[in-house]
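Asks: Residue numbers for the sequence shown follow this note's numbering, beginning at 722 and rising by one.
Be careful, since some hints might not be right.
What the hints assert, rightly or not - Computed list of lysine-lysine pairs in DSSO-like fashion (alpha-carbon distance at most 30 Å, straight line):
id : residue 1 : residue 2
1  : LYS812    : LYS913
2  : LYS913    : LYS727
3  : LYS842    : LYS812
4  : LYS785    : LYS763
5  : LYS782    : LYS763
6  : LYS842    : LYS878
7  : LYS782    : LYS847
8  : LYS812    : LYS782
9  : LYS785    : LYS847
10 : LYS763    : LYS842
11 : LYS884    : LYS834
12 : LYS811    : LYS785
13 : LYS878    : LYS763
14 : LYS782    : LYS878
15 : LYS888    : LYS878
16 : LYS913    : LYS878
17 : LYS884    : LYS913
18 : LYS763    : LYS727
19 : LYS847    : LYS812
To be verified - Distance ranges between label pairs, derived from CB positions:
id : residue 1 : residue 2 : range
20 : GLU819    : ARG906    : 14 to 22 Å
21 : ALA902    : ALA817    : 25 to 33 Å
22 : ASP802    : ASP924    : 17 to 25 Å
23 : GLU936    : GLU731    : 29 to 37 Å
Just so you know, the hints here were simulated from the structure itself, not pulled from any lab data. Ideal Cβ positions, reconstructed from N, Cα and C, are used throughout, including at glycine.
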Amino acid sequence: MRRAVKRATELAERGETNLVLELPTGYGKTTTGPLLYESYRKAGLCWKAIHVLPLRAIVEKALKDFTEEYSDIEFAYQDGDVSLTQYGYKKDPFFASEYVLTTVDSFIHNLFKAPVTELHKLVEGKPVHYHIPFAYIYPSCVFIDEAHVAAQDERGKAVAALKAAVKILREADVPIVVMSATMGRWKSDVFKGFKFVALGHEDAEEGGVTTIHDE
């Protein structure tokens, strides 16, 4: 386990519910998800997890990798592809499963009362069951992965949606971990009050930033 990942799991187990792992590409941020989930669950802070990723291809790769490595966790996925179900993977648009990997679009829709399974009803002006996915988001820990990809345009809608999602989750006391490569200046606004974990020349704790030296 990489040193910064180990430190993040320690912080989670200690009860730090708002973390940003700002670590370089290739460090293994995505694979940290199940480890963080186990730490938060051990701390009694959640009993399920939702892992949000920007692209369908990343969701599907992580699903396959996690399923092979963690046989004790029930994994499911939510994106627009139903073909994975023929290989035994579970599709879960309501986020009811223990650990759900989902695209950003599906997560945002479910969080903002527009459940992905009933978008056609919403367009037609009919009632939708928005309370079902949110009922499963509430007891979860939420991992927002590759945030730098989801919000490449710092002035666009992606950052606004991310900021609104973080606000709702924090108000609901949902543990949030953001995993990202280097982000822009917007991070200090969107993730105000979060504890950052980053790499540096030496181990240090200063101003809400935990710096880890790892070659």
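Asks: It remains to establish, for every hint, whether it holds in the given structure.
Replies: Status of each hint after checking the structure:
1. LYS812 <-> LYS913: violated (34 Å)
2. LYS913 <-> LYS727: Holds: LYS913 and LYS727 sit about 23 Å apart, inside 30 Å.
3. LYS842 <-> LYS812: Holds - the C-alpha atoms of LYS812 and LYS842 are around 20 Å apart, at most 30 Å.
4. LYS785 <-> LYS763: Holds - the C-alpha atoms of LYS763 and LYS785 are around 24 Å apart, at most 30 Å.
5. LYS782 <-> LYS763: holds (26 Å)
6. LYS842 <-> LYS878: Measuring from Cα to Cα gives roughly 24 Å; hence the hint holds.
7. LYS782 <-> LYS847: It is violated: about 35 Å lies between the C-alpha atoms, which goes past 30 Å.
8. LYS812 <-> LYS782: holds (14 Å)
9. LYS785 <-> LYS847: Distance ~36 Å between LYS785 and LYS847 Cα, so the pair is violated.
10. LYS763 <-> LYS842: Between LYS763 and LYS842 the Cα gap is close to 39 Å, so the pair fails against 30 Å, i.e. violated.
11. LYS884 <-> LYS834: Cα-Cα ~16 Å, so holds.
12. LYS811 <-> LYS785: holds (11 Å)
13. LYS878 <-> LYS763: violated (36 Å)
14. LYS782 <-> LYS878: Distance ~26 Å between LYS782 and LYS878 Cα, so the pair holds.
15. LYS888 <-> LYS878: holds (15 Å)
16. LYS913 <-> LYS878: Holds. LYS913 to LYS878 sits at ~19 Å (cutoff 30 Å).
17. LYS884 <-> LYS913: holds (10 Å)
18. LYS763 <-> LYS727: Between LYS763 and LYS727 the Cα gap is close to 15 Å, so the pair holds against 30 Å.
19. LYS847 <-> LYS812: holds (24 Å)
20. GLU819 <-> ARG906: 14 to 22 Å: Between GLU819 and ARG906, where Cβ atoms are some 36 Å apart, the hint is violated.
21. ALA902 <-> ALA817: 25 to 33 Å: holds (31 Å)
22. ASP802 <-> ASP924: 17 to 25 Å: Violated, since ASP802 and ASP924 (Cβ atoms, about 42 Å apart) do not stay within the stated range.
23. GLU936 <-> GLU731: 29 to 37 Å: With Cβ atoms ~20 Å apart, the hint is violated.
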